[in-house]
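Visitor: Residue-level listing of the chains:
2 protein chains.
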Amino acid sequence: MDDNLNILIDLLKKHAKAESVQALVQWDQETYMPEGAGEFKSEQLAWLSALVHEMHTGEPFKKVLEKVVNLYTGDVLNSNADKEEKRLLYLIWKDYHYASVLPRSFVEDFSFLTSQSQQVWAKARANNDFKLFLPYLEKIVDMCKKQADYYGYKTTPYDALMEQYEPGVTTQQVESLFSELKSGLLELLDKIKNSNEKLDDHLLKESFDTAHQWAFGLEVIEKMGFDMTKGRQDRSAHPFTTGFHPTDVRITTRVYENDMKSAFFSTVHEAGHALYEQGLPVEHFGTPFGQAASYGIHESQSRLWENMIAKSLPFWHYFYPRLKEYFPILQKTSVEAFYKMINMVKPSLIRIDADEVTYSLHIMLRFEIEKMLINEELNVSELPDLWNAKMKEYFDLTPPDDKMGVMQDVHWSMGSIGYFPSYALGNLYAAQFLKKAVADIPGFWETIQMGEFAIFLQWLREKIHVQGRRYNPLDLVSSVTGQKLSPKPFLQYLNTKYHEIYKL
Amino acid sequence: MDDNLNILIDLLKKHAKAESVQALVQWDQETYMPEGAGEFKSEQLAWLSALVHEMHTGEPFKKVLEKVVNLYTGDVLNSNADKEEKRLLYLIWKDYHYASVLPRSFVEDFSFLTSQSQQVWAKARANNDFKLFLPYLEKIVDMCKKQADYYGYKTTPYDALMEQYEPGVTTQQVESLFSELKSGLLELLDKIKNSNEKLDDHLLKESFDTAHQWAFGLEVIEKMGFDMTKGRQDRSAHPFTTGFHPTDVRITTRVYENDMKSAFFSTVHEAGHALYEQGLPVEHFGTPFGQAASYGIHESQSRLWENMIAKSLPFWHYFYPRLKEYFPILQKTSVEAFYKMINMVKPSLIRIDADEVTYSLHIMLRFEIEKMLINEELNVSELPDLWNAKMKEYFDLTPPDDKMGVMQDVHWSMGSIGYFPSYALGNLYAAQFLKKAVADIPGFWETIQMGEFAIFLQWLREKIHVQGRRYNPLDLVSSVTGQKLSPKPFLQYLNTKYHEIYKL
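Just so you know, the protein sequences line up as chains A and B, in that order. 102 is the number of the first residue of the first sequence in my numbering; add one for each residue after it. 102 is the number of the first residue of the second sequence in my numbering; add one for each residue after it.
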C-alpha cells in the first residue's frame, strides 16, 4: 500500500473512535441517562454529529483522499493497486461521496425535520391522529426524493435510497425476489390457515419471573458464543445492538412478566447482531473492511439465530430442561408442545409481532407503498386507505385504526425510506447461509442439539464476519453459498418446518 | 458584554460539551465497560483528551481570547468591563494560561508517566514493594517541580501546585491553619483516648442485605434533595461523582454486606458533591461561573452532608426508624447508641477509614511530606521511613508494611501533588459554613430532625452553589460567613460533638 493510503486509514481509524464515542452517548441516552438530561444530551449529540460529519467530509480528509482516488469518479489513481486495495478505496470513496454529496443546508434541514417528525409521529400515533403526522411525512417523502437525486441513480430514485442500506441491490432485483417469495408465502399461509392443527400459546402469557427471564437469556447467548468480557446486556425501551468496537458490543432488551417469548427471542436476535459485531476483523477497525456488509446481512445474522436456530426443535432439546428449571410452570409441557407454541403462525396487524411465515409479507406491503410514494404514484394523504386495502389483500385483516395500521413503524418518521427491504432480504440471506452451513458441517443439527454452537459460529465467522464489507451483499451470498440469491432456500426452510408443525 | 466575549463564551460552551462527553467515557470505564474493552477505551480517551486540549489551547480559541485579554498578563482589554466581566475574563485567561503554558511534549510525557506509574503503583502496593514504585515516584516528583516552574510562583513551588486545586490559597496560609488545627485535634484526640467511655461498633459489621443498603441510601439522598430525574447512582470499584451538566449528575458507590457504614456514608458523601453539581447555575454552563469554586469547596459540600449532617443525632432521630425497618437487627439498639457507633473515634493506619477527628491529621502528614519532596529536603527513597516516623508521632501507630503505609493512596502515582490539603480545607470550610447556616436558619437542627432538608439546601444553593467560581475559596468563605477562614469553627464543632459522645 502506498503512504497516502496509510495516512487515509489512520484518519479513518480516528473517525471511527469519534463515531464510537457518539455511539456511546446514544447508548447512554437509551439506557442510563436520567430523564431530565434529554435536552443536554441532544446538545452533546448535535456537537458530536457535526464533528463526525466534518471529519468525514472536511478538507483534511478530502486532501488525502484526492491523492489516491479521483473524487468525481471514484477511480483509483495508483494503477498498481491490487484488487483488495481497489475495493477498499472504492468503499472509502463511496462513503465520502455519500457523506459529502448532500449540501450542508440539506443535511441540517433533514436532521431538524426528522428530529421533529419523530416526536410528532409518537404523539400522532398515541392519539391515533394521522392528519397530525401527514404534513411531516409529506416533507419527508419530498426530501427523500431530493436525497435520491443528490445520490444519483440509473433507473429509479428508490434504487438510490436502498443503496444506503443494501449496496448493489436494485429495486428490480427486490421486485423479482419478492414476487416469487410472495406467492410461496401466501400459498403456505393458506395451507396453515386450513390446517386442522390448531395451536395455542396461552401458557407463554402466564407469569414468568423477569429476573429468571434475564438470567436464562444471558445463559443462552453465552452458550451461543457471545463473549461477555467484550459485551453486555442492559435494559432499554426498544431492543438494539451497538458495536463500539469488536471488544465492546452491547445489546439491550426489555422484559415482560406475562410474555416469556418477547425478551428471550429479542435477546437472541440482538445477540445474533452482536456475534457479527464481535466477529468483525479487529485489525481493520475503522476501515470499511472492519464494517458489516449491509443492513440486510446484519439482519441475516440476527434472524438466523433468533428464528432458524433458537426456534428449532434441536435447540430446545438442549435448552428446554434448563428452561424448565427456571420456570417450573413448564414442567408438564413437552418440548415438542413448547416448540409448537413458539412457532405458532397467526397473521397479525403489527409487523414486529409477526411470525416467520408472515413477517416478510409485512415488508412487501411497505416496499410497495414506499415505491409508490417515491415515484409519485401516491399522495401521502391516501396512505391510510391504501395501507388498509393491502392489509386486507395480504392478511384478510382490517386495522381498527391508523395506530395499529399505517402509523405503527418509527422508520418513516426518521426519514428511513428504502430500509424495510433489508429486513426481508435478511430472511433470504439467512436461509441460504443456513442451507450451506448444514451442507458444510457434518451433523449440523446434532451439534445444535448438543449445545455445541462453536462449530457453527466458527463457520459464520470465517464465511461472513471476517469478510467485513469486502463484498456487496449479493456477492457475499454467491461467494459463501456458490449460488445466486434466491427465495427458494427460505421457502424450502419454511415449508419443511411448518408442514411438520401444522401436519400439512 | 462585547461581541468577542460572546463568541468566547460560545466556544467555551462547545468545549464543555466535549468535556462532558469525555467524562461520560470515563464514567462508562468505571461502571459498565466490559473488561475486555479496556485497551479500546484508552484509545477513545486519548483521542478525546487530545481533542479537548486542542480546543482549550488551539489557535481558534487563542485568536478570540487575545481580542479581549492580554495573553501574557491576563489584563482585560476593554476598559469599560465591569467587575463581574473582569472576573470572568480573568478566570478564562487563567484556565487558558494553565492549559497552554505546559509544552506539548511535557504534557505528553507526564500523561504517559502517570498512566504507567498508576499501574506500577497498583502492582507495587499489591506486592508491598516500594522499590518497584520508587523510580516512578522520583520521576513524578521531578516533573511536578518542573510543572511548578512552568506555572510560576512567588514564594515556593508548592504554591503553584496547590493553585491547581485551591486557587488563591498559599502554602504559608495552609501551614498557619494546619498548625492551629493540629494542636487542637491532638488535644481532643488525647482526651478521647483517655476517656472512660469505650465505644463498640461491632454491630455495624453484622450482615446487612446489600439491596436494602442500596435502597436506604437512595431514599436518604432523595430526601436530602438529590434530584433523581437529573442524576443516578451506579456501582463502581471506588465511589465518585461526575457532573456532566446540572441536569445529569451521577454518583457511584460499592456495597459491603458486612459493613453497613461504608456504602451509606459514601452515598451521602457523593450526594453532597452531587447537590453542588446539580446546583451550579445552568445558564453559565461551560463558563467558569458555571463551575465549582475549588476542590476544597467541593469537598466541603460532601463532608458537610456526610459528617456534620448525616452523622448528627437529629438526622438519625428522623431516619433511624426507617433504617430499623430495613434492618430489623437494629431493633434493640437505641438511636443514641447507634449515633455513638457511627461516630467512634479510633486512630487508624488508613486515611480513607479515618474518623472525623483524625482525618485531617492524615492530611497534614501528607502535606508536610509533599512540601519536603518539592523543596528537595527529602529523597524519595527516604519516604517510607519518614512516613512511619510521622505515623508514630501523630497516631502512635506503626504501619506493618508500606502497603498500609506510604503506598496507600493513589494520588502521587497520578501526579497529583498539592491536592491533599484540599481535603482538610474542606473540613474547615464546611464547619464555617455550617456555623453560619445554623445562625441564619431559625431552628436549624429542628429542621434536620424533621427531615426538612430543603431549607438548608436552599441556603447552600444561594450562598455557595450558584456562585460558581465567582470567588476564590477564601473569598467565598469570607463572603458567605463574614469571617476569614479559621480552624476554630471546625475545632468547636468537633469539641462540642465529641465531648458529649465521650463524656469528656
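The set of hints was computed from the structure by calculation and includes no laboratory data. Heads up, a few of these hints could be off.
Computed from the model, here is a short list of chain A residues facing chain B with C-beta under 8 angstroms [as the list claims (entries may be wrong)]:
1) K115
2) K118
3) S121
4) A124
5) Q127
6) A138
7) S150
8) H154
9) E307
10) R333
11) V567
C-beta atoms are modelled at their ideal positions from N, C-alpha and C, and glycine is treated no differently.
Visitor: Each hint: holds or not?
Guide: Hint check results:
The interface hint given for A/K115 holds, since its Cβ lies 6 angstroms from the closest Cβ of chain B, which is under the 8 angstroms cut-off. With its C-beta approaching chain B no nearer than about 5 angstroms, A/K118 sits inside the 8 angstroms limit, and its interface hint holds. A cut of 8 angstroms between beta carbons decides the hint on A/S121: the least distance to chain B is about 6 angstroms, and the hint holds. Restraint check, A/A124 versus chain B: the minimum CB separation of about 11 angstroms is more than 8 angstroms; hint violated.
Violation of the interface hint for A/Q127 is found here, the shortest Cβ-Cβ separation to chain B being roughly 11 angstroms, above the 8 angstroms cut-off. Residue-level restraint check for A/A138 holds (minimum Cβ-Cβ distance to chain B is 4 angstroms; threshold 8 angstroms). Violation of the interface hint for A/S150 is found here, the shortest Cβ-Cβ separation to chain B being roughly 12 angstroms, above the 8 angstroms cut-off. Given the 8 angstroms rule on beta carbons, the hint for A/H154 is violated: about 15 angstroms separates it from the nearest Cβ of chain B.
Hint status for A/E307 relative to chain B: violated, with the closest Cβ pair at about 26 angstroms, above 8 angstroms. A cut of 8 angstroms between beta carbons decides the hint on A/R333: the least distance to chain B is about 5 angstroms, and the hint holds. Interface restraint check: A/V567 against chain B, minimum CB-CB distance 18 angstroms, threshold 8 angstroms, status violated.
Violated hints, in rising order: 4, 5, 7, 8, 9 and 11; the structure is consistent with all others.
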